[in-house]
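S.K.: These are the residues of each chain, in order.
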Amino acid sequence: MPDTQPNIRGGLSVASAPSQSFEHGGLLLRVARQQDRAAFTELFGYYGPRVKSYLARLGADAASAEDLMQDVMLVVWRRASTYDPQQAAVSTWIFTIARNKRIDALRRDRRPNFDPSDPGFVPNAPPEPDQEASAAQWEGHIATAIAAMPAEQAEMIRLAYFNDLSHSDIAARLGVPLGTVKSRLRLALSRLRLRFADKG
Amino acid sequence: MTHAIADEFLLDHATGAASAPVSLLVATHLALNPAARWSYRQMESLGGVMLDTIEPTKADPDALAKLFARIDRGDGADLEHASMPVTTRDVRIPAPLAVYMRDGLDLLEWKQLTRGVEEAPLDIHGKQGDRAMLLRIAAGRAIPKHSHRGVELTLVLDGAFGDARGVYARGDVCAADETIEHQPTAELIGDCLCLVVSSGPVRLTGPFMRLLNPFLTR
Numbered sequence: 030m031p032d033t034q035p036n037i038r039g040g041l042s043v044a045s046a047p048s049q050s051f052e053h054g055g056l057l058l059r060v061a062r063q064q065d066r067a068a069f070t071e072l073f074g075y076y077g078p079r080v081k082s083y084l085a086r087l088g089a090d091a092a093s094a095e096d097l098m099q100d101v102m103l104v105v106w107r108r109a110s111t112y113d114p115q116q117a118a119v120s121t122w123i124f125t126i127a128r129n130k131r132i133d134a135l136r137r138d139r140r141p142n143f144d145p146s147d148p149g150f151v152p153n154a155p156p157e158p159d160q161e162a163s164a165a166q167w168e169g170h171i172a173t174a175i176a177a178m179p180a181e182q183a184e185m186i187r188l189a190y191f192n193d194l195s196h197s198d199i200a201a202r203l204g205v206p207l208g209t210v211k212s213r214l215r216l217a218l219s220r221l222r223l224r225f226a227d228k229g
Numbered sequence: 037m038t039h040a041i042a043d044e045f046l047l048d049h050a051t052g053a054a055s056a057p058v059s060l061l062v063a064t065h066l067a068l069n070p071a072a073r074w075s076y077r078q079m080e081s082l083g084g085v086m087l088d089t090i091e092p093t094k095a096d097p098d099a100l101a102k103l104f105a106r107i108d109r110g111d112g113a114d115l116e117h118a119s120m121p122v123t124t125r126d127v128r129i130p131a132p133l134a135v136y137m138r139d140g141l142d143l144l145e146w147k148q149l150t151r152g153v154e155e156a157p158l159d160i161h162g163k164q165g166d167r168a169m170l171l172r173i174a175a176g177r178a179i180p181k182h183s184h185r186g187v188e189l190t191l192v193l194d195g196a197f198g199d200a201r202g203v204y205a206r207g208d209v210c211a212a213d214e215t216i217e218h219q220p221t222a223e224l225i226g227d228c229l230c231l232v233v234s235s236g237p238v239r240l241t242g243p244f245m246r247l248l249n250p251f252l253t254r
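In order, the protein sequence lines correspond to chains S and L. In terms of my numbering, the first sequence opens at residue 30 and continues consecutively. In terms of my numbering, the second sequence opens at residue 37 and continues consecutively.
Pulled out of the complex, with its shape left as it was, chain S reads as follows (with noise of 0.2 Å):
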């Protein structure tokens, strides 16, 4: 495991975080429209390097890591297209890409997820006042949760998200009841929905 700690609370202004990704949503809309690479350059400046730590995090040697990171920025080139700004701002997209990838090339068997074209799927029913807050403003309001979070929630969500942990491995890596790990994921996860409310 690298000894390294992603940094996920000093040094970022987390204010900036809804008009970058407003920007970075412009520069994947010329890469759809124009296959402009000058923009999709600026992209990957930005993202190449972070989903190559995100790889590297989850245990990816440098070659793998540096390997996957292209896979996933081809992704990014190829499916510009289908990216929503509704849906999500384009770190969670690319976050989603890089996340798929590395179970594709872990599991080599397709990840399950829904598909709104299925005529089993059950559709959102008009969104709720609270819930209209665009995907963008939800990332801000996120990083602010998190930076005022209790060092020990923090650490739950960084095991989740950067080790590869599900609930139950967190609880047998530190050692503490299961109990203990659910009831602090599910204190961390009530405080970045309070901050939706508050705010969406």
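A hint or two may mislead.
[Said to hold, decoys possible] With the C-beta cut set under 7 Å, the calculated list includes, among others, these residues of chain L facing chain S:
#1 A53
#2 L60
#3 L66
#4 E80
#5 G83
#6 L87
#7 A95
#8 D96
#9 A105
#10 I107
#11 T123
#12 V127
#13 M169
Think of the hints as simulated: they come from the structure by calculation, not from any bench. Glycine included, every Cβ here is placed at the ideal spot set by N, Cα and C.
Chain S is fixed; fit chain L onto it per the hints.
M.R.: This is chain L only, laid out in the frame that chain S set:
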């Protein structure tokens, strides 16, 4: 009242740490439950924030040039066309699950457990020995009283069943572990079809049925 899956399972699916069978159950639950999708999207957004704030690692200096060369060669061009979901004509079976029963429910290997209760294993396995199966309970029939040796998640796809904690209908998830002893009984409205994921065998707890425990494999 609906029974949504507990947050920690949504989170495991969002981070990618869930076993394949648990992921399958969560994805199927998400197809059926808009409220759970709403929570799940927040958890994926959390992943986006984590990616945003991770310490970057330098990419190889020629990484971008290599990538443009791959794009020029047409690598991954097939990704530009949306892939069609695998579906069956059976609306009880949402897309993520349909992959495991392309030929329909009836061609799965059904095995009778007790009168009116059948199960069919699915070809998906997890790193910790998690297994997935379909379970069919005839209207009004019950699964013998049992407890569990691990975690068991049951997602209702059709019909409904009840236990002492409530009634579970299409899209609901019932979670049980070693602390829960129950006797799920299908409601009379019709046969109940469920997706079950378990990490350990069940433990029969009825006075006579417990004699069968040594013979149970799941």
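S.K.: To test your reading of the hints: which numbers does this structure violate?
M.R.: 9 and 13
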